[in-house]
Amino acid sequence: MLRLRIDALYAEYAQTIDDDRLESWPEFFAADGKYRVTTRENFGSGLALAMMYCDGRGMMSDRISALRLANIYEPHVYCHLTSSVRIVDSALKEINAQANFAVIRTMQEGEQSIFACGRTYDRIVEVDGRLLFKDRLVVLDSRQVDTLLVIPI
Amino acid sequence: MLRLRIDALYAEYAQTIDDDRLESWPEFFAADGKYRVTTRENFGSGLALAMMYCDGRGMMSDRISALRLANIYEPHVYCHLTSSVRIVDSALKEINAQANFAVIRTMQEGEQSIFACGRTYDRIVEVDGRLLFKDRLVVLDSRQVDTLLVIPI
Amino acid sequence: MLRLRIDALYAEYAQTIDDDRLESWPEFFAADGKYRVTTRENFGSGLALAMMYCDGRGMMSDRISALRLANIYEPHVYCHLTSSVRIVDSALKEINAQANFAVIRTMQEGEQSIFACGRTYDRIVEVDGRLLFKDRLVVLDSRQVDTLLVIPI
Numbered sequence: 001m002l003r004l005r006i007d008a009l010y011a012e013y014a015q016t017i018d019d020d021r022l023e024s025w026p027e028f029f030a031a032d033g034k035y036r037v038t039t040r041e042n043f044g045s046g047l048a049l050a051m052m053y054c055d056g057r058g059m060m061s062d063r064i065s066a067l068r069l070a071n072i073y074e075p076h077v078y079c080h081l082t083s084s085v086r087i088v089d090s091a092l093k094e095i096n097a098q099a100n101f102a103v104i105r106t107m108q109e110g111e112q113s114i115f116a117c118g119r120t121y122d123r124i125v126e127v128d129g130r131l132l133f134k135d136r137l138v139v140l141d142s143r144q145v146d147t148l149l150v151i152p153i
Numbered sequence: 001m002l003r004l005r006i007d008a009l010y011a012e013y014a015q016t017i018d019d020d021r022l023e024s025w026p027e028f029f030a031a032d033g034k035y036r037v038t039t040r041e042n043f044g045s046g047l048a049l050a051m052m053y054c055d056g057r058g059m060m061s062d063r064i065s066a067l068r069l070a071n072i073y074e075p076h077v078y079c080h081l082t083s084s085v086r087i088v089d090s091a092l093k094e095i096n097a098q099a100n101f102a103v104i105r106t107m108q109e110g111e112q113s114i115f116a117c118g119r120t121y122d123r124i125v126e127v128d129g130r131l132l133f134k135d136r137l138v139v140l141d142s143r144q145v146d147t148l149l150v151i152p153i
Numbered sequence: 001m002l003r004l005r006i007d008a009l010y011a012e013y014a015q016t017i018d019d020d021r022l023e024s025w026p027e028f029f030a031a032d033g034k035y036r037v038t039t040r041e042n043f044g045s046g047l048a049l050a051m052m053y054c055d056g057r058g059m060m061s062d063r064i065s066a067l068r069l070a071n072i073y074e075p076h077v078y079c080h081l082t083s084s085v086r087i088v089d090s091a092l093k094e095i096n097a098q099a100n101f102a103v104i105r106t107m108q109e110g111e112q113s114i115f116a117c118g119r120t121y122d123r124i125v126e127v128d129g130r131l132l133f134k135d136r137l138v139v140l141d142s143r144q145v146d147t148l149l150v151i152p153i
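Residue numbers (this note's numbering), protein chains in the order written: chain A, 1 to 153; chain B, 1 to 153; chain C, 1 to 153.
No lab work stands behind these hints, which were simulated from the structure alone.
Just so we're clear, the structure is a prediction, and the values are computed from it rather than from any experiment.
Check each hint, because a few of them may be wrong.
[Unchecked claim] Chain A is nowhere near these chain C residues, computed Cβ spacing over 10 Å in every case:
hint, residue
1, E23
2, M52
3, M59
4, G129
5, V150
[Stated by the list, open to error] To give a feel for the contact side, a few chain B residues facing chain A, derived at Cβ under 10 Å:
hint, residue
6, E12
7, D18
8, N42
9, F43
10, C79
11, I104
For every residue, glycine included, the Cβ atom is placed at its ideal position computed from N, Cα and C.
Build out the structure end to end from the sequences listed, making use of the hints.
See below:
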């Protein structure tokens, strides 16, 4: 059942990030996969502005390396809540899927808040029997984006 | 699989509201469908008080028209998180389903908060191969209901 | 489908607690089942410190009885949001499953907040055709644990 496979992909993706296994994050993408984070406002007006943008696995790995080296941000972890997973189209070789999400961020001292929420728009392909993101677009409901967007969503 | 069909119904319902496609909201209900929002306190004590009440699709459409015309509230969007979807009974012609939910509200300036959470109690029927709400009861955990309950949950 | 059965187990478990039917909480566990709540910090460093610990159904029932008798805490209810349910291993007689969760707490006066979020690590067994927790480990993302941890998560 495709829906359950998509569920499993989202669950593994979320828990990989939440467990701070960020070096494995690029492996969820096709080699030439794209990752973007934008706001609902920009998305609605067709603007291409992205707060985070990676084109290809190499750029993703670079991003994680930089994050590990710099390490100047206050340590924090994410807890992803994914919901309303919906396959919009699976007729072509790509699967178009959408989901609602919220990320609860916990700072090192224990303070918790809703860091972000919104929608993910994904184009997913199957490569050697594994589902991978060809394009993952994260659209945030809020225009106030914390400067602390270092960890991918 | 019925559970996956119910999941899909909930997901489409949530994303239709979250995308501000409110004119399509009544289409999720049977022609004589009911929609009510109440508090856990009223629900527990058997009180019929509802903070929002619609009897039939016409009344729902009227509500949305009024909301679009009046437009005196501060613009905001919802992000629904649905969870713990459970089919309680599907033996009769109706399906009784329940789910936990939370709604994160984002105001135009970007401020985010948990607007509401609680349980939905749904009676769902199949009409021409499509699942529709015959009765959707939204029970809010909190008695402090924001006066800003303009968009349906 | 095992995933859907695990989903149903989590959903019933969550709604039993959220509905304040706490006397039924121990029935989700095997007779010798274990229940623990710890922090991510302790979990990561291998410390066995638990903020809540029950070994066997009897100890769970005792805990609920005490909670009902003492009743000195400010009344509140939980709303569980469960997400990213993942079966890690089901080859043996036990099923290893993980899920992300958040609990929104609503106090009697209506105040709402994210009470806790994190991960559950479960070992689940089948007894007489019913899935039961043999070991449920709740790992909280935050080290700041509210003193008000009286109701199980």
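Please name the hints from earlier in the document that this structure breaks, with their numbers sorted from lowest to highest. Numbers 8 and 9 - these are the hints that the structure violates, sorted from lowest upward.
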